[in-house]
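Chemist: Chain by chain, the residues:
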Amino acid sequence: MPLIKIDDKEIEVEKGITVLQAAIDERIEIPYYCYHPALSIVGSCRMCLVEIEGMPKLQVSCNTTIGELPPERKKDGKYDMIVRTQTEIVKRERENVLEFLLLNHPLDCPVCDQAGECYLQDYSYKYGRAHSRFLEEKRVRKNEYLGSNVIINHNRCIMCTRCVRFTREISGTNELFVQARGDVSKISIFEDKSLDNMLAGNVIDICPVGALLSTDYIHKNRFWNLEAKKSICTDCSVGCNILVYSQNNRIYRLNARENHNVNGYFICDIGRYGFHRYEDAEKVTSPLIRSDGGFKPISWEGALKEIYEQFSMSMSGEKQQIVGIASPFHTNESLFMFGRLMNNIFKDKSIIGKLPFIEDYEIHFDSGFRISKDRSPNRKGLLDFCPNLEDEILQKVKAGEVRLCYALDDGVDRKLDEEWESFFKSQRFLVVQTYAMTPLAKLAHLILLGPSPMEREGTMTNDQGRIQWLNPSVSLTNKTRPDWEIIMEFMNTVGKRELKYTSVNEVNLEMGERFPDYRGRTFFKIGYQGLPKKNITTSRPSEGRQAIQ
Amino acid sequence: MATVVTSYEPTFWDKLYIPALFQGLMLTLKHMFKKKVTIQYPDEKHVPPEGYRGLHRLNKYPDGRIRCVACEMCAAACPAHCIHIVPGPSPWEEGKERYPVRFDIDLLRCIFCGFCEMACPEKAIELTEIYDFADYSREGLWIDKAGLLEIYELTKDKNFYDNSNEE
Amino acid sequence: MDLIDFIIICIKVVLVFAATMLAVMGMIYAERRISAFIQNRLGPNRVGPKGLFQPLADGLKFLMKEDIIPTAVNKPLYLLAPAMLLIPALMTFAVIPFGSSLTLFGRQISLQVANINIGVLYILALTSVGVYGIVLAGWSSNSKYPLLGGLRSSAQLISYELSMGLAIVAIVLMTGSLRLNDIVSSQQGHLFSWYVFKQPLAFLIFLIAVYAETNRLPFDLAEAEQELVGGYHTEYSSMKFAMFFMAEYANMITAAAFTVTLFFGGWDIPFVDEAAMGNWGALLSGIAFILKTAFFLFLYIWVRWTFPRFRYDQLMNLGWKVMLPLALLNIFITGGILTIIS
Ligand code: SF4
Ligand code: SF4
Ligand code: SF4
Ligand code: FES
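Chains as they are written, first to last, in my numbering: chain C, 6 to 554; chain X, 9 to 175; chain W, 24 to 365.
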């Protein structure tokens, strides 16, 4: 293993990694723009210049690999390389590089969406010079659409080509390229092929400046107003790690969050813009009960009383049957409680079903990025906690039986076909737990107000068996109660239990007690990166390098 | 080196206090005939000096565009958190592409520190000399974009209280 | 005394009462305006011409205000106190001669409500009764600050009444009479027959004591706003408060008139023989009296807005250690000189 010295720090590194990587791993700051751990190295921005002993000129640290020297040529008798990042000349060169990068830069930070998270701002402040000596007119270009969701502001672009490399190496779609040379060069698309692949939104994330902008977020807010919550995406069973940015309980944007065991550095556009689906949905604001064709609000106490009257009767009646409709969109904790309710309280009177799984085509990118065929986030968890799930519930439940149904609703964009609709319509009493007036909710006799996907808290098990933390990004509204709590009340009312969980953590602990796969998978332990289920010994090894930017 | 401080020893004359009393009386008598400083407020108005920090305004360019680009620097700088901005794309072809769709200031919270003015990179928000904007309701002291622009029209050419070049 | 005399006295009483009340109003206005002027302000100038009706507006305001009687007060005394203060203040004026005599329809009418032979004693007695109002108000309010105010006031009164009485004794020694008319007539003639020139020390002591008597700054310890909120009248509101207010000013007017009578020749105009000028003389003398009194009233205000309040121990020191010995000394000297002369 080569031993190198960066400034005053002695570091032993793997052979073949670059100086910049070694520095990042050791948390020594070297400014950089064009380097991205997921992309190939081009060394075009020159920001990462460092002084290396024995080399006549400054070197770009992102593209200088570390090798092993023969013993007699070791520097100072033991080092394979001596790097200096803070010398006068390095500082001066950084100033010069920044001055060049800013030559045609408009410096319109007040207008720029990147302001606050812009590395050009940060590095200019830290390493740059306060004044520009550029007297000529700046080159000014108009903004252009690169794809339906991406706008480019050419003036702000620093030609690091991260976006170009992304479309070549990660999405493999090759839409972007650098047009022309010198100061007229710019990032372009071909006329017939706009930047509209499933990963297009990531170029906005990886652009170190405010050149690539999202049509979805442009001029909407400022970075420092937003609160970032580490959570996971619930739009497919991969469970990509995301950052949810919100202000005053309104979500403004989603960004990818690094997790090398799940999604690497990126997320797909389905998840990125997915949160909009919940915005326009017709929200339910209180528990509702059907009355004369419509719904009227009812208190939680009233709703529970109603449930008691309907369901405890069925406990004694002979021919009645309880149908539970579980959902793969709910958290492990909710499904665990649901399973308990059905199997332990209604016992053999109950039958658990689910709406058909949502499936779509599977998308694989050569880079390894994957969008799963299974577009429900927690199918694994559902099967774990409701092992007696009937796949063909419609066939199992015979017509004419007296039935009561308790359904956890899926999502706003779920359509019900004829068969399902008549199935639900034939229920004697249908309780639906939902947050929006979905087609299913419209058929209900009683609607219980649960949280929306952005309000849910709990764990989810992705298709690799990895348990991850679904962190609520907006807080619960007035009358909403967490799913697990509603089911707990259901159990207490109908089954005369005395469960008193006060938080989702307690449910999670209880779940670990009863399901060995989940033992010890507390929120504290799984953290923001998640942990595999107990019986899965290997998951994909972490392979990516950490990125600061 | 020690300094010797000799305290003033009152003389007999001083101790009588009578002359001192007369001095005092004379002083107040003199003031009785001095020019009065009272400004009879609703009739006469105090004209604040340059740089007075009163009601805010939003500046415009000569062609009518709003200078503000909704960067929210002022909102970030404001210690009272009383500036509320909703940004959006600007309706003008020329100039900056961003502008405030809404720009509200809660004057009841504002402490008129002028930090917003200092923070503004576009010289868009400014405190004017207007000080008498009391109102009967809380809502009335929530000034919006239209209100701020109106204040600009009122104060752009002259001191709001200076009537010298009128009539 | 026949009916006409009785009617005349009634008319005089009404006139004097009306004049005092008017003067009170004038004083309220003057106090506010002059204090404003001293502070380079304008003062009330909105109600009526130059703000002259301000006292009326004040009065109206007091009338409209809610009359609050706190639950814990001793009600009869609480209600009595303002009257106890105001009535003696107004009564004092009865013995003060405010002009030489008038001859109407062949009748000689002296410009004085009651010409009694112990006028000086009468005044001293009534001013002492006045302090009962303050003490009662302080005590019956059943509250800390008023009680403190009342206590201070009574202590202050005892200390200063002594010096004041002794200062007057010097005058009485010279006049040989307690009748105020006699005191005035003994000052007739030229300017230096005024007692202020014959008895400067007595005048000084009397003046200071009178300020203390009337609870005016720099001796207003009984109401000291900064320490006692409002002193003895803290718990009073509305018209009852106004009565205290009026009493204070009425007291001032009486005190000023008394000062003029004792030391400044009363209604006398120096070098003028008012009696010889008949009714015109009476009129002139009346005006002279009013002007002199007005000056002293002005002095009250002037002093109030010039000097700060005494500390309590200073007040007592001044009263007992300076003024009392001086007053005694003054009597000895006066007595000595008088003995030698006679
Ligand atoms: S890219 Fe960065 S430096 Fe350039 S305008 Fe935007 S925020 Fe400012
Ligand atoms: S003057 Fe100060 S408190 Fe008022 S809006 Fe500006 S920054 Fe905020
Ligand atoms: S007033 Fe100035 S600081 Fe505030 S948002 Fe507008 S441009 Fe930015
Ligand atoms: S040249 Fe090294 S990061 Fe851009």
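Derived from the structure by calculation, the hints contain no laboratory data. Watch out, some of these pointers could steer you wrong.
What the hints assert, rightly or not - Calculated from the model, a selection of chain X residues having no Cβ within reach of chain W, i.e. all distances over 10 Å:
hint : residue
1    : Gly32
2    : Phe41
3    : Asp114
4    : Gly148
5    : Asp152
As the list claims (entries may be wrong) - Computed cross-link-like contacts, PhoX-like style, restricted to lysine-lysine with a CA-CA straight-line distance of at most 25 Å:
hint : chain 1 : residue 1 : chain 2 : residue 2
6    : X       : Lys42     : W       : Lys73
7    : C       : Lys83     : C       : Lys310
8    : X       : Lys44     : W       : Lys73
9    : W       : Lys73     : X       : Lys53
10   : C       : Lys310    : C       : Lys378
11   : C       : Lys147    : X       : Lys104
12   : W       : Lys344    : X       : Lys23
13   : C       : Lys143    : X       : Lys23
14   : X       : Lys38     : W       : Lys73
15   : X       : Lys44     : C       : Lys143
16   : C       : Lys225    : X       : Lys131
17   : C       : Lys225    : X       : Lys104
18   : X       : Lys153    : C       : Lys225
19   : C       : Lys191    : X       : Lys104
20   : C       : Lys96     : C       : Lys62
21   : X       : Lys43     : W       : Lys73
Where is the CB? At the ideal position from N, CA and C, for every residue including glycine.
Chemist: Next step is simple, just say for each hint if it's right about the structure.
Modeler: Taking the hints in turn, this is what the structure says about them:
1. Not every CB of chain W lies more than 10 Å from the CB of Gly32 (chain X), the least distance being 5 Å, so the non-interface label is violated.
2. Against the 10 Å criterion, Phe41 (chain X) falls within the reach of chain W, whose nearest CB is about 8 Å from its own CB.
3. Listed as a non-interface residue, Asp114 (chain X) keeps its Cβ farther than 10 Å from every Cβ of chain W; the least gap is roughly 34 Å.
4. The beta carbon of Gly148 (chain X) sits about 27 Å from the closest Cβ of chain W, which is more than 10 Å, so the claim that it is off the interface holds.
5. Interface exclusion of Asp152 (chain X) from chain W stands, the closest Cβ pair being 36 Å apart, more than 10 Å.
6. Between Lys42 (chain X) and Lys73 (chain W) the alpha-carbon distance is near 18 Å, which keeps this suggested pair within the 25 Å criterion.
7. Of the supplied pair hints, the one linking Lys83 (chain C) and Lys310 (chain C) is violated, its CA atoms being roughly 79 Å apart against a limit of 25 Å.
8. Restraint check: the Cα-Cα separation between Lys44 (chain X) and Lys73 (chain W) comes to about 15 Å, which is no more than 25 Å; the hinted pair holds.
9. The hinted pair formed by Lys73 (chain W) and Lys53 (chain X) meets the criterion: a straight-line CA distance of about 20 Å does not exceed 25 Å.
10. With a CA separation close to 41 Å, the supplied pair Lys310 (chain C) and Lys378 (chain C) exceeds the 25 Å bound.
11. Among the hinted pairs, Lys147 (chain C) with Lys104 (chain X) is consistent with the structure: their alpha-carbon atoms are about 12 Å apart, no more than 25 Å.
12. Among the hinted pairs, Lys344 (chain W) with Lys23 (chain X) is consistent with the structure: their alpha-carbon atoms are about 14 Å apart, no more than 25 Å.
13. For the proposed pair Lys143 (chain C) and Lys23 (chain X), the alpha carbon gap of about 82 Å is over 25 Å, so the pair is violated.
14. Straight-line distance between C-alpha atoms of Lys38 (chain X) and Lys73 (chain W) comes to about 21 Å, which keeps the hinted pair within the 25 Å bound.
15. For the hint linking Lys44 (chain X) to Lys143 (chain C), the alpha-carbon distance of about 60 Å lies beyond 25 Å, and the restraint is violated.
16. A distance of roughly 22 Å separates the Cα atoms of Lys225 (chain C) and Lys131 (chain X); the hinted pair therefore holds under the 25 Å criterion.
17. The straight-line distance between the Cα atoms of Lys225 (chain C) and Lys104 (chain X) is roughly 15 Å, inside the 25 Å bound, and the hint therefore holds.
18. Among the hinted pairs, Lys153 (chain X) with Lys225 (chain C) is consistent with the structure: their alpha-carbon atoms are about 17 Å apart, no more than 25 Å.
19. The straight-line distance between the Cα atoms of Lys191 (chain C) and Lys104 (chain X) is roughly 21 Å, inside the 25 Å bound, and the hint therefore holds.
20. Distance check on the hinted pair: Lys96 (chain C) and Lys62 (chain C) sit about 14 Å apart at the alpha-carbon level, within 25 Å; holds.
21. Our distance criterion of 25 Å between C-alpha atoms is met by Lys43 (chain X) and Lys73 (chain W), whose separation comes to about 17 Å.
When held up to the earlier numbered hints, the structure conflicts with 1, 2, 7, 10, 13, 15 and fits the remainder.
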